[in-house]
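A.B. asks: Dock chain B against the given chain A, drawing on the hints supplied.
There are 2 protein chains.
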Amino acid sequence: MGDKPIWEQIGSSFVQHYYQLFDTDRTHLGAIYIDASCLTWEGQQFQGKAAIVEKLSSLPFQKIQHSITAQDHQPTPDSCILSMVVGQLKADDDQVLGFHQTFLLKNFQGAWVCTNEIFRLALHNV
Amino acid sequence: MGDKPIWEQIGSSFVQHYYQLFDTDRTHLGAIYIDASCLTWEGQQFQGKAAIVEKLSSLPFQKIQHSITAQDHQPTPDSCILSMVVGQLKADDDQVLGFHQTFLLKNFQGAWVCTNEIFRLALHNV
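These protein sequences, in sequence, are chains A and B. Residues 3 to 128, numbered by my numbering, are exactly what the first sequence covers, in order. Residues 3 to 128, numbered by my numbering, are exactly what the second sequence covers, in order.
Be aware that a few hints might be false.
Repeated chains share a single entry, so a pair holds when one copy, or any two copies, can fit it.
[Said to hold, decoys possible] The calculated DSS-like cross-link candidates involving lysine-lysine, where the alpha carbons are at most 25 Å apart (straight line), are:
hint : residue 1 : residue 2
1    : K57       : K92
2    : K51       : K65
3    : K65       : K92
4    : K6        : K51
FYI, nobody ran anything at the bench for these hints, they're computed from the structure.
The shape of chain A in the complex, shown without the other chains (with noise of 0.2 Å):
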């Protein structure tokens, strides 16, 4: 980790404990957000901490597993980071599907917090 520029470990670590906390328990995403974070989820969208968490925790699914192919993060000129993830994942007794997000990570009072996400499954490769 320590050869890696710090917005790649601050990104990556975000990318760890989002999709660790998600695949335990998502009710607990709260912490992540702000109220002006905004949520695309299959284009629908929502916006702030209460709405985004309530979307995420009532996601129609009991068990969920991510894995992660390939995980991309920058530097932006207003000091956030962009990352992308690019992954695969099992909801249940469903087959696995492809998945791809996106976050947008801002320093917020000290903490790092996700201001944008964007998610979307792969099904036009179904």
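C.D. replies: Chain B only, in chain A's frame:
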């Protein structure tokens, strides 16, 4: 278009412009970048208008055609626009491949430019 939020209009206009340029003559893409722009292409990092255009121009195919499956746009707290595109591309006579691409757009001296771009082929679905 008139009913859509301004950030969605700007994001989708940018996406249309980008792929139209890319598919006709990608050596002309320089105008959308600034010297602070970052590109990550299949994990390789490039910074600055010149390095980015050189990378895109030297990609090893003559013809390419993108088709967009889904695009999502969001406003960010720093007045930028975050866009994620999912689609398919056909380069020369190769098979059709899925791809994912993320853009961060910023208003710079009155024009919208791309400060951050990340591209990945959907190779794990092959």
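A.B. asks: Each hint needs a verdict: does it hold in this structure or not?
C.D. replies: Checked hints:
no.: 1; hint: K57 - K92; result: within (18 Å within a copy, 35 Å between copies)
no.: 2; hint: K51 - K65; result: within (22 Å within a copy, 44 Å between copies)
no.: 3; hint: K65 - K92; result: within (8 Å within a copy, 36 Å between copies)
no.: 4; hint: K6 - K51; result: between (31 Å within a copy, 24 Å between copies)
Hint violations for this structure: none, all hints satisfied.
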